[in-house]
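Participant: Residues per chain are reported as follows:
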Amino acid sequence: MNHDHEPEHRHHHGDAPGESHDPAAGPTPPAAPKPTLEEIRDRLAGRTGEHYWRSLDELADNEEFRERLRNEFPRDASVWEDAVSRRRFLQLMGASIALAGLSSCVKQPDEKIVPYVKQPEMLVPGKPLTFASAFELNGFATGILVTSHMGRPTKIQGNPDHPASLGSSDIHSQASILHLYDPDRSQVVRHKNGISTPDKFIAGLQGALDAQKALSGSGLRILTGTTASPTVTGQIADLLKLYPKARWHRYDTTGLANEREGARTAFGVYLQPVYRFDRADVVVSLDSDFLAEGNAHVRYSRDFASRRRVTGERADLNRLFVAESFPTVTGGVADHRLPVTASRVARLAGGLARELEVAGTSIPDTGNGPRGTPRRETGLNSDEQEWLAAAVEDLKKARGSSVVIAGPGQPAEIHALVHAINSELGNFDATVSFVPPPEATPAATGESLADLVGEMNRGEVDLLLIAGCNPSYDAPADLDFAPALARVPMSISHALYNDETARGCTWHVPQSHYLESWGDARAYDGTVSIVQPLIAPLYNTMSLPELLAEFLGRPGSKGYDIVREHWKKRSDRDRKREGFEEIWRKSLNDGVVAGTASTAVRARLRARSAAGPPGKSGRERKGTGTGLDFRVPGSAIEVIFRADPNVLDGRFSNNGWLQELPRPVSKLTWDNAAFISPALAIAMRIEDEDIVEVRTAGKSVRIPALVMPGHPTDSVTLHLGFGRTGAGKVADGTGVDVHPLRISGGMHFTGGSIRKGKGTRKLARTQDHNLMEGRPIFRTATAGEFERDPHFAKHAGHTPTPSESLYPQKEYDGYKWGMSIDLNACTGCNACVIACQSENNIPVVGREEVLNGREMHWIRIDRYYSGDMNNPEIHNQPVACMHCENAPCEPVCPVGATNHDSEGLNVMVYNRCVGTRYCSNNCPYKVRRFNFLQYAEKEDETVQMMYNPDVTVRNRGVMEKCTYCVQRISAARIDAKKEHREIREGEVVTACQSACPAQAITFGNLNDPESAVSKAKAEPRDYGLLTELNTHPRTSYLARISNPNPGIDGKA
Amino acid sequence: MAYKYHVTEGENVAPLIAPGHDYATITDKISGDVLDRKTPRGMMITLAVSFLFVLVLIGAVSYLFYKGVGIWGINIPVGWGFAIVNLVWWIGIGHAGTLISAILLLLHQHWRNAINRFAEAMTLFAVACAGLFPILHLGRPWLAYWLTPYPNTMEVWPNFRSPLVWDVFAISTYLLVSFMFWFVGLIPDLASMRDRARKRWQKICYGVLAMGWRGSARHWHRYETSYLLLAGLATPLVVSVHSVVSFDFAVGIIPGWHATIFPPYFVAGAIYSGFAMVITLMIPVRKLYHLEDFVTDRHLDFMAKVMLGTGLIVLYGYLSELFFAYYSGSEYEGFMMHNRITGPYGWSYALLILCNGLIPQALWSKRVRLNTLALFLISIVVNVGMWLERFVIVVTSLHRDFLPSSWDMYTPTIWDWATYVGSLGVFVWLMFIFVRVMPMISIFEIKHLLPWKGRIYDTSADAN
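The listed protein sequences derive, respectively, from chains A and B.
1 is the number of the first residue of the first sequence in this note's numbering; add one for each residue after it.
1 is the number of the first residue of the second sequence in this note's numbering; add one for each residue after it.
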């Protein structure tokens, strides 16, 4: 048999379908010029991110590439190539028949398939296992439970035993699983951007270290992000002992520096505040988005939501005041929200301090007006005065049960002042306690980096390790980090991606993903978790402890041994009663090391710690003019930098889920924008998507504008993390890099200007219309209104009763699944959206497709504004399939692909769907999603490993939608049947429900009157969406109750 | 069954057939155009251009099958776009043929004899174009047969509650009956062609198609009976097909769709657009083949009057939609109408009223009706207007429905347009091929219109 015809080879080398070959071209290379592999790679790399998921095959499928393939695999490429000549046809037919009978004659791929000799413990094929681990972000751990299907981690959920999670999770921890399978992840050691080997790297490192040995390490520098890993900290400490003159620098572009310095100003020592929002009756946030960012926001969301629960007809709620420079999740749920520019927050903080008579605050009391009323000379406008007066009034009533919190972008002085205010209010030890900072030696990270760059420029650094940060991309622009890096003789980048910094280093060592390496991490309260791997490294990568072991002269150490040894040593030192082995196993099982939470320390304010009017001397104040309040359009304005809510400082740039996840409030995907207020937009005649030029300190960027109701008037907000180069196919080409505007001293906000530029750029938003048009969609009342009319939500719409129908109601005898979503708890944080995406194999469609209105999320957060456009109320409403009992989608499907099951689920039969889209047209909630193109990844095997095997991957042309996680219901049913019992309450937890930090989602059996969901639906606040259409939705909402101060602007 | 044809028109009324014709000249002229005459240049050009568009359609459909319906502008919430607009438009156009052939036959409107063959062919091709779109618009077009109730081992049936299944029956029945009607009507003429053909292959082709017609009295008797029966069968279809198509919308709960006026209003609209298309095609063909003798100004006048009448019903439909949006008191209905008129697609509604409501009012004037150019232009305006009507119904209703969060815009892509103009190309191409190879006017039927022929049943002798 001619070896040309081995059909099975085609499967290995993915020929483009439909391609034809010249038979003669098989073994002999054609004369046409051959493109090099480099060129092809460049072409592939040149593709921008948002195209990646749907057209990798497309972009690869060009003539040169096929040519190349043909030359590289001549045998395989020359199958099926000619027009079907009779002879050829017979040959092929003969070959097929021969193969059918004599497959052993054909060389099989050289793979050994070995069955389990001993079945691994607990491993039942088809049944997932769950392991506890921890996800570290900005140095702080959140406990997670990772679901593993036959050795493949597929899903991340919160660890109920972990204090920062309590079983819930956030978008970042869940989306981090996508990085594990990201084909763009760095896979090989690189030397000067060429492919190298670990051995060569280690040899090179050994040489450099030997040289440093002689110098006591005076040329050795380590630059890391914030880390709280005890092992890593210990290793670096050991390293600094070995090389006494070496230094460790830390840098985080959006880190905790201000917060830590604030604590030091206030207390003289670095301390980490731990808030108890569950005990706070009044919360005042000064530009802090504590429900969506920071090192414990999942926990804080849970605690906060616990004070927003309303049962029965009485509303006993906490009250939230938020003054913020950008509309955030926290601002969206505030009872009193005040848009202020970041620099003006200082005045509010000062005002609070004055009115609350905080000791040490200089009070410029001119004597007009009694204490407790805002004074004119504070420079506050009437809105601000009103907000402040209400906040002060409520804070005074809630001494010992209130929290005042400042945001990470606020200068240290404000943090110090806020500590003083909390102290004055008697909140210490009641709602605010302090623990030693979990991370290793906090420092003002910006300055630490500046020092390092100085040394690099002076040629004092010979060997530099950069781990867990990307300063070439995000260091302050004035530091000129990249040129300084080029001066270092040996620089080593340890990162997940071959990013901007890695390409500037002489060596790049790919980092193991945390799901494939051993490590440890600490939570906000100091609790230690062991990070355990779920899978062997997919590529030849190293974890940070393993890399540091090389530095410590212990080559080839395994992560497991390093981490275990560290804790063994500690255990021996602590002389715990249990043996180390028990502690170790229990810690791995639980996901937390018991008893490692830090004990609270008594924080004592230093005398006059908050001295001086705030905001006058802060580093951050540099560059902010005083004339901001009287700004005319076109002149000075405040430029505020924030980490993007989804991709943060850029570390999640190559994460398709997060790029495509609509940002809270703005609903923007795949891009960043210059967010401006409606007032500024009108004054400057800027419209959405117009390119504007934002300028600070001589540098400018061109970026599309997006008008954001509730944005402060005199500022523009820019999100970091975009405009990446070479960071991966997803990240590249998304948004605009705003780092050129960001200089030391103006890392969070600074003065600048904005003017309208030429052109526009389309911004892919998932919601174009922001108003409810007077329709009773999101129903809300104040606490006073609610207590007067607890059934207000039901009165806002009409629900037909069964007696109005001619047809008998269907009875559900067994289970009757239903969901209730508490709008009072929901913050719009998006955790449910990513949880659903991960659980249900929901594809990413890319920017173009979002622009086309084809995003695929099964659950979406609708956001509506009401009231004044300059400071609107923000309403977040999660909407997924309602599982209507009279579902309008069902009768219109011509093939009966969507039906009701016996438990009341509206189910989609994917393989019956022919794709008429009639069901979607007829769905009043528009929750159905259609595979207009082949969205699901079919080509990349790595990405496919991530799929949840319990959920069908949908092909093009098929409708899909929320299933109430029917696969989880089935799993529970199987378990229950095996034990001859009913499914228990709480046994079925939907993905969205399990993720929700605020526990806003309740799911269960409506036929069980004792189930949580039945009780929720019996609440007076319960209402259904569009029930007047007689759809009888199984998902209903609990109306939102706000709790504004009755004395403020007529609200009651 | 015998009835009289009365020549009662006054002298100032244009005749239905030009003076000077007898049986022989009619047969010579109409069959000669096919058998003897060299293809006119204009015809060749039209064929070539329309074939270019056929190629466009083939290209667009190939890419569609390769990539999926995502190449179009549809999205969530606008799940239906050009495909459904075109479907309804083509089906509407396809109504003229059956109406002319069947209903006018039963109503003894003998002037129809000059245009029925042409209109039937047009119907057939329009329905064929229409039938293409429901298949193309499927996400998985290769499974289109699942919409039919075929026996299968899984015992899975289509969902008979869905109007799309009714569509399958309505459209396929209509296509079949239209085809039979057209073909049965052709048989005597095919025999004429067979007998007059000089080339052997022509003799064979026409001979096979003529199915052995000899023109005997028995043949004529059977023919007339079956033709009348088919007319009776086809008549309810004129009403049913577009009623069923309108159910696609009326059964939905979307404001702008959920309306009881839809079936009659759609049927009237269908006839309106059907006659408009007959006029649009007939005027140039008449010119090209010098058929002014057979398709006289009087025919055009009649067709213009039908257009005017059905146009008024359609206008009534628009007004009743407006009224019910107001009178229902439903917030969503009211908003839908408001959005239709003032929203981002307001231009389409304004154009629709202009094209379908206002401009055709010029047809009240006899001068306009008898002015070929004016009539031609108005018929095109009506065709555009009727297309816009379907666009307005499909797109403006869907793009802003109940929850403002899901509102979005629909923008057709190049592929939407390619499929649409491609279907137009197919239609024109098929039409011109038909004109080239078949007698486009019913030879034996038009003879009834000869003014000195008092009776209609003595035509058998002239069949050849």
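Honestly, the hints are just simulated from the structure, not real lab data.
Bear in mind that the values here come from a model prediction, so they are computed numbers and not experimental data.
From the three backbone atoms N, C-alpha and C, an ideal C-beta is built for every residue, glycine too.
Errors might be hidden in some of the hints.
[To be verified] Selected chain A positions facing chain B (Cβ under 7 Å, derived; list incomplete):
#1 Pro128
#2 Thr197
#3 Val701
#4 Pro740
#5 Pro894
#6 Gly896
#7 Lys926
[Said to hold, decoys possible] Beyond 12 Å from chain B on every Cβ pair, some chain A residues (computed):
#8 Thr233
#9 Glu550
#10 Gln767
#11 Gly774
#12 Glu849
#13 Pro872
#14 Thr916
#15 Val951
#16 Arg973
#17 Pro1020
#18 Leu1029
[To be verified] For each label pair, taking beta carbons as the anchor points, the in silico distance ranges come out as:
#19 Asp868/A - Tyr327/B: 32 to 40 Å
#20 Ser970/A - Ile341/B: 31 to 39 Å
#21 Trp157/B - Ser902/A: 32 to 40 Å
Participant: Look at each hint and say if it fits the structure.
Facilitator: Hint check results:
1. Pro128: Hint violated; Pro128/A Cβ to chain B Cβ min 31 Å, cut 7 Å.
2. Thr197: For Thr197/A, the interface hint is violated, since the closest Cβ of chain B sits about 42 Å away, which is over 7 Å.
3. Val701: Status violated, d = 29 Å.
4. Pro740: At 35 Å from the nearest chain B Cβ, Pro740/A fails the 7 Å test, so the hint is violated.
5. Pro894: holds, 4 Å
6. Gly896: At 4 Å from the nearest chain B Cβ, Gly896/A passes the 7 Å test, so the hint holds.
7. Lys926: holds, 4 Å
8. Thr233: holds, 47 Å
9. Glu550: Label holds. Min Cβ-Cβ 49 Å, cutoff 12 Å.
10. Gln767: violated, 5 Å
11. Gly774: violated, 7 Å
12. Glu849: At about 8 Å from chain B, Glu849/A fails to clear the 12 Å cut-off, so the statement is violated.
13. Pro872: holds, 14 Å
14. Thr916: Violated: least Cβ distance 6 Å, not greater than 12 Å.
15. Val951: holds, 19 Å
16. Arg973: Per Cβ check, Arg973/A is outside 12 Å of chain B; nearest 24 Å; holds.
17. Pro1020: holds, 24 Å
18. Leu1029: violated, 6 Å
19. Asp868/A - Tyr327/B: 32 to 40 Å: holds, 35 Å
20. Ser970/A - Ile341/B: 31 to 39 Å: violated, 49 Å
21. Trp157/B - Ser902/A: 32 to 40 Å: violated, 20 Å
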